[in-house]
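Fit chain B to the given chain A structure using the hints.
2 protein chains.
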Amino acid sequence: MTVTVTKLASGLTVATDPMPHLMSTALGVWVSCGSRHETPQEAGLSHMLEHMAFKGTEHRSARDIAIEIESVGGDLNAYTGREQTAFHARVLKADTGLALDIISDILIHPIFDETELANERDVIIQEIGQTRDTPDDLVFDHLQEACYPEQAIGRAIFGTEETVAGFSRADVSAYIGKHYRSGAVILAASGAIDHDKLVEAGEMLSKGLSEGSERAFDPARFEGGEVLEREALEQAHLAFAFPGVSSTHQDAFTAQVFATALGGGMSSRLFQEAREKRGLCYSIYAFSHSYRDTGLIGVYSGTSEAKAGEIAPIIAAEIEAMVSGTTGEEIARARAQLKASLLMGLELPQARCEMIASHLYNYGRVLTADELVQRIESVDAAAVKHFAARICETGNPAIAAVGPIRRLESRERFAKRFGRATA
Amino acid sequence: MTVTVTKLASGLTVATDPMPHLMSTALGVWVSCGSRHETPQEAGLSHMLEHMAFKGTEHRSARDIAIEIESVGGDLNAYTGREQTAFHARVLKADTGLALDIISDILIHPIFDETELANERDVIIQEIGQTRDTPDDLVFDHLQEACYPEQAIGRAIFGTEETVAGFSRADVSAYIGKHYRSGAVILAASGAIDHDKLVEAGEMLSKGLSEGSERAFDPARFEGGEVLEREALEQAHLAFAFPGVSSTHQDAFTAQVFATALGGGMSSRLFQEAREKRGLCYSIYAFSHSYRDTGLIGVYSGTSEAKAGEIAPIIAAEIEAMVSGTTGEEIARARAQLKASLLMGLELPQARCEMIASHLYNYGRVLTADELVQRIESVDAAAVKHFAARICETGNPAIAAVGPIRRLESRERFAKRFGRATA
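Chains A and B supply the protein sequences, listed in that same order. Its first residue numbered 1, the first sequence is counted upward by one per residue in this note's numbering. Its first residue numbered 1, the second sequence is counted upward by one per residue in this note's numbering.
One or more of the hints may lead you astray.
Covered stretches of chain A, as calculated for chain B (at least 3 residues, CB under 8 Å) [stated by the list, open to error]:
hint	stretch
1	102-108
2	265-277
In the DSSO-like style, the derived pairs of lysine-lysine whose C-alpha atoms are separated by at most 27 Å in a straight line are [stated by the list, open to error]:
hint	chain 1	residue 1	chain 2	residue 2
3	A	Lys207	A	Lys197
4	A	Lys339	B	Lys416
5	B	Lys339	A	Lys197
6	A	Lys339	A	Lys385
7	B	Lys93	A	Lys339
8	B	Lys277	B	Lys416
9	A	Lys93	B	Lys197
10	A	Lys207	A	Lys93
In short, the hints are calculated from the structure, not lab data. Quantities reported herein were computed from a predicted structural model and do not represent experimental measurements. Even glycine gets a Cβ: it sits at the ideal position worked out from N, Cα and C.
Bound conformation, chain A alone (with noise of 0.2 Å):
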């Protein structure tokens, strides 16, 4: 993996992965702007402009610019985070001239039609609405929403029903023009492209797009607290998070190595006790989340009413059983697993697209895969005791839940299992 990255007088980053034995290449725009930039009034803006890209530009309908890429048989797609917006797509090796010329296009020319302005929005109401019936996505905005209480980086990225509703196209308007900004922009590809031919399509999209760089957001703060809501159905989803820490932060591989021993995979410790031996959940898994300047530490699990109340126990438990008792053997464990999901990733050129992104945003340049490998190598189990140690010493925990809850304990009672009070 040698990535070339230019950095462009207008401040855009481009990036080119070459592998030369691929027929088809992945690339796409990454812009520095998500719900963290978003104000309240703003919930939802970040996704309502990403879907408003498709709907049309000065040369092409929303239906030409769907006609365009499917026609080479390619796929267009775009999603919304909380730092970052993709526009991404799969084409074949000569189809990326076409695939750069639509990313482009609908970045710097979208004309945000108000008829097609106010289907999206219809469209998008009807997005939240799926996500009410997927409470193992719900239960993750919830869970959001109880680490940041009052906070961008804490609401959901589709914003509501009611923010959605409000958006007009002088907002949608007045918010590319403030957040996609020539240096907020990394464009990337992986695959079959040369980095000239990126360099220049860079070029092209610099001269659309408003000067400067990232608009600054607020410093997040982990709060920790509870988002409950109680409804009829078969399982309880449950989410629980602990103050984790930021992509750049110098124990960032170690969260990872930690969630990994922790729920990770079938030999972790919660697979085994909540599954293996107990036959609690068919699904529990632990993660760690990071963001700029925060992250979080956090367990997913799916139970029945009557099982609800004994997931929270074994999580402390086997948390507070890492301080002492990690061993050397599940950490190389874990750095084994992260080693070949990372070497693995490499073969997959929209993966290894969104690794290029993710670290210029994050770091200012691509880690090698060397680099990461060593990083993961350097994890060891004194580290993963110290970190445990450290979930167990700040206390304060979120809890998210929706399902049939009523045998969950509460935050505090969860919290004390770390001999902690709730702040």
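Frame of chain A, contents of chain B only:
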């Protein structure tokens, strides 16, 4: 793509698909045994067996299996379908031997421990609960039942809480002996592996399996019907199906092209009409599912209670419009989408492995990329028009729905839109 296939004396099929530039391998065993092979009392037994294979062998405890594969960063998993059950792994090149050894071990030396069985029944009952909380999965179980009532192919793969609670060690043991026979097994690998090594593993596997080939199952009869479940959800999850074609039917590729043009992407008829023009939904798509002797053409959409009456008329109108109005341009686009998705899939070892197993099961040989492209290319607008006409003439649709579905029209009314009474 040059696949080497060897049929061993035992009847077991070994297929190797080298991808020498990769540092990892995807491999697996596909057994011609799934929920179609079950009696009503056995409903869910194929899936239970798939779970129990991981619960310990004569040489390894359940925990050993998890630890061994994850110690090298490997990923071992399995799934149960209606016609096949798969046990598959993804490992780095050096660990291919280990992955083959573990998969052989869990298939030929399982112990089906009673305590593990009791525990796994609970886990599967939790898994069934999880499906009940995922209405866009649940509606597909209902659709299958609506298409094929009182037939093995129409039943849910997981079985029911009642059947699962009743499975004994003897049931699982007898079932593996009856169905996991050497002639019903395909061992396939894509990536960094050579054929001799795989043949050797196939020979070892053969020794531990009973003799014979796939057990016959009852031929399927697409009957058409409806399974409706009123529930207090945010969205009405709607699924519709019409008789389609079997995997080996001469129109199998026409069915794929038809489904792609109807609802396969952003430029498809249903996406344009229901989402882009009318804003009725976030998700709408069409699909063609094929089995050995039957198939179905279907559409899924999730929409709000207020809009739930508008989807069925649009589907009927678009299918009818395709009888005379299918254009060469839209079919060229659908072909390009299928072709590109095929070629991009060939870049992924797991996808290639799946394809090889599916071809061997359905055609008895592996079709080359050229053949596949040729079959896609051979479908023209005339063939698709004819296919659309066949759907309209056959009538007899199946409907499944979950959610607030008061406004959904009756199956009788939907059938009449095609000028047909229901069967």
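Against the structure, the hints come out as follows:
Restraint check on the stretch 102-108 of chain A versus chain B: 0 residues with Cβ-Cβ distances below 8 Å, three needed, restraint violated. With 8 residues carrying a beta carbon less than 8 Å from a beta carbon of chain B, the stretch 265-277 of chain A meets the three-residue requirement, and the given coverage holds. For the proposed pair A:Lys207 and A:Lys197, the alpha carbon gap of about 16 Å is at most 27 Å, so the pair holds. Restraint check for A:Lys339 and B:Lys416: not satisfied, since their Cα atoms lie roughly 58 Å apart, outside the 27 Å limit.
Our distance criterion of 27 Å between C-alpha atoms is met by B:Lys339 and A:Lys197, whose separation comes to about 25 Å. A threshold of 27 Å between alpha carbons decides the hint, and for A:Lys339 with A:Lys385 the separation of about 20 Å falls inside it, so the pair holds. Restraint check: the Cα-Cα separation between B:Lys93 and A:Lys339 comes to about 13 Å, which is no more than 27 Å; the hinted pair holds. For a cut-off of 27 Å, the pair hint linking B:Lys277 to B:Lys416 stands: about 25 Å separates their Cα positions.
Between A:Lys93 and B:Lys197, the direct Cα distance comes to roughly 34 Å. Violation of the 27 Å bound is thereby established for this hinted pair. In summary, the hint linking A:Lys207 to A:Lys93 is supported, as the alpha carbons are separated by about 25 Å, within the 27 Å threshold.
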